[in-house]
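Residue-level listing of the chains:
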Amino acid sequence: MRRVVITGLGPVSSIGIGAGAYSAALKAGASGVAPIKSFETTGFPYYYAGEVTEFAPEKLVRRLTLADWGRTSLFAAAAARLAVQDAGVDPGGLAGERAGSCMGTTGGESQVLEQLTGRALEAGFDGLEPRLVRQVSSARLSLAVNRELGFTGDAVTLSTACSASNYALGYAYDLIRADDADYMVAGGADSVGRWSHAGFYRLGALTESACSPFDRDRSGIITGEGGAALFLESLDSARARGARIYAEVLGYGLNCDANHMVAPDAASIAACMRLAHRNAGVEPAQVDYICAHGTGTQANDLVEASAVAEVFGAQSPPISSTKSMLGHTMGAASGLGAIASALGIAESFLPPTINFANPDPALPPIDPIPNVARSAEVRVAQVNGFAFGGNNAIVMLGSVT
Amino acid sequence: MTVTTLTHHAAGRSGQPSARTMAITGFGLLSGLGVGPEPLASAVRAGRSTPTDTSEMFTDPLPRPDAYALTDFRVRDHLGRKGTSFFDRSTALGMVAARDALVDSDLVVDDTTRTRVGITLGTTHGSVKSTSDYSRDTFVQPRPYLVNPLLFPNAVMNCAAGQAAIWFGLKGPNATIAGGALATLSALRYARNLIGCGYADALLVGSVEEYSPHAAWALAYAQRTWGGTLPVGEGAGVFVLEDAAAVRASRRHLDAEVLAVEVGSFDPPGPPGDFTAGFTRCVSRALARAGVAPDAVRAVATGANGMTALDEAEEAAVTAVVGADAPRLRVKEVTGEGFSVSPSLALGALLARHRAEPGRDGEVSLVTTRSADGAAGVMVVRGWSRARRDHG
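Sequence lines, in order, name chains A and B. Per my numbering, the first sequence starts with residue 1271, numbered consecutively. Per my numbering, the second sequence starts with residue 2, numbered consecutively.
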């Protein structure tokens, strides 16, 4: 089995586009949350989201014809382009069946489907724009990455909702590890839309304007969007070309609650953490940082903190939620978390949980890295991802020694 | 939920399976022709079928009044009323196929194994109708947030896999792959990796696609660009996938070996022909990895659907590698265009034929698929009947 490392990062986020801007924003504890611009919010009681208002695909994407692709596919392709640029590789030199992509998503191109739904109400199904009908398939997220980079290997879109990027990262790691591929772009992408904003509101899971994970008075998520891409190759390949290595993918764990579609299960999440540790060959005491799923709802944060306490005991490592800054970027969330963790490992810092005011006495004692980023050596980081359907996925990253 | 008639593996089967050859030990299938593999198998045998009148199924206008759809399908007839009332059509079809696959296989799912058994389901965009209806409610309700929270999980693509995990108590890896025409093959590759790398011992693998006005219109628009006149189809195919060597070691029966699954993504079909060249390399690579000579291929179940440029590219790739002699099974001609579920129906039709015709034991077939977005894939499968199941 080959060792697998991350040598390129491509965040397309509401707090920064590109590794440098994203890292600076994490260290500054920036917020990307603002009143929604991408859809009409009249009638919605809450109207904040983490939109990537600076997203200009024409500045990032080179090969794709923009009009042929939906917003989520363009997030994916732009993130992928940034990741290979950051890795310092010429994708043309990688092109071929040994290079592929694996992207996670919750809604895929559901904002295209939403546009079509709105149009059908006015003009009927027969009056739709064929160009948009062609864009609905979520398979296109990973195909957009391959087309953009000239990769002809696997193009896999994992639609396991809000842990999908971790699934994607894990699969890409395995494909390289087992010598089924040499280069993979892995991550995720999602776009905000009316349907998910309404759904989370009606679930009682949406908060008004600021997401405050692990805080006593936390009251829910903020919907968000963006793209995340990580460029993966074997350690040997990275060393041979003298690449900068952010982090090594040590392993991952997957399991399923098989219990409830939307309510998380602490015992099952704890079991997933243990699987991830075992597969990565690490002990809990070696984990220096947990990038939380940290949605900011009362129930989810309690379950996550309880599972951490069960696995780590009283000595749990610092745990922060990038969702406090980004909102919940759904299928991109654990990918943006993995990028934050890789940056933390490479640049020796812990991203903060912003909007934090009061510890919650109902939670086991945790260190949420309140409001201000912290300098710290990170040798092993744990990236949590949980989803509807009880789809748990946890990725372990480590420094390369 | 499972039949535990452990049987002996028939000796003398030829071929050295590679390190990560997977076995299929049972399957469940629903197509627009009916529940179970038999209606599909007989339609493939006859080479013809008739779509059903779907004009009364939905209030939305349809591009045509017929489809290969299970117009009388009600999930409660199969799984009971309790807990099923909020299932959308995709979830319901997938659940019944999963149930039937578990019944068909002798895999034992109990408290000692359930953390090692999971699901990998392919789709195009989940239940498009559920997601679109959610968006529609935000436009037409008196307030945009007046959507039904109980239906929110249906609007998310991993609903069928998540519900099946709950229903059947499967706590192993649970994945959904949105791959359209490639979803079934990508799901098989993904599942093979999970088993091969030790994350799971068995996975329910397959794909689901529901009939809806949205699906019918999506095909109608595609046909305006690419040609073809087939009606849309629906269905679900779920296959119990396990490590072939482990199944043999426990002297259990294999319905089939999945010898290779190879995929690629290229510029879309058409000039200058890169797509055909890439597809051809996929077919060559698959046979090489399967250790199968091109002239040993006895049947090719293709994605042919009357979309000329796609059909010609696929046929050119297949012919370039295995020649023109192996009979082509154009399964979509009897099931309609089923998007992500079509390769599952093709695989199911092949396995049903094996089960009915012991003379085909050990034959190798291909399932090929392709998309207008430039994805292509091929699966190499060797099948058997169960004729020797009770006296192995």
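Hints are supplied without guarantee of correctness; some may be wrong.
Stated by the list, open to error - Distance condition first, Cα-Cα at most 25 Å in a straight line; then the derived DMTMM-like pairs of lysine to aspartate or glutamate:
| # | chain 1 | residue 1 | chain 2 | residue 2 |
| --- | --- | --- | --- | --- |
| 1 | A | K1297 | A | D1338 |
| 2 | A | K1329 | B | D268 |
| 3 | B | K83 | B | D73 |
| 4 | B | K83 | B | D112 |
| 5 | A | K1307 | B | D73 |
| 6 | A | K1297 | A | E1310 |
Calculated from the structure, these hints are not laboratory results.
Results of checking the hints against the structure:
For the given pair, A/K1297 sits about 36 Å from A/D1338 by alpha-carbon distance, which is inconsistent with the 25 Å threshold. Of the supplied pair hints, the one linking A/K1329 and B/D268 holds, its CA atoms being roughly 22 Å apart against a limit of 25 Å. Distance check on the hinted pair: B/K83 and B/D73 sit about 19 Å apart at the alpha-carbon level, within 25 Å; holds. Between the alpha carbons of B/K83 and B/D112 the distance comes to roughly 23 Å, so the proposed pair stays at or under 25 Å and holds.
A C-alpha spacing of about 44 Å is found between A/K1307 and B/D73, which places the hinted pair above 25 Å, so the restraint is violated. A threshold of 25 Å between alpha carbons decides the hint, and for A/K1297 with A/E1310 the separation of about 33 Å lies outside it, so the pair is violated.
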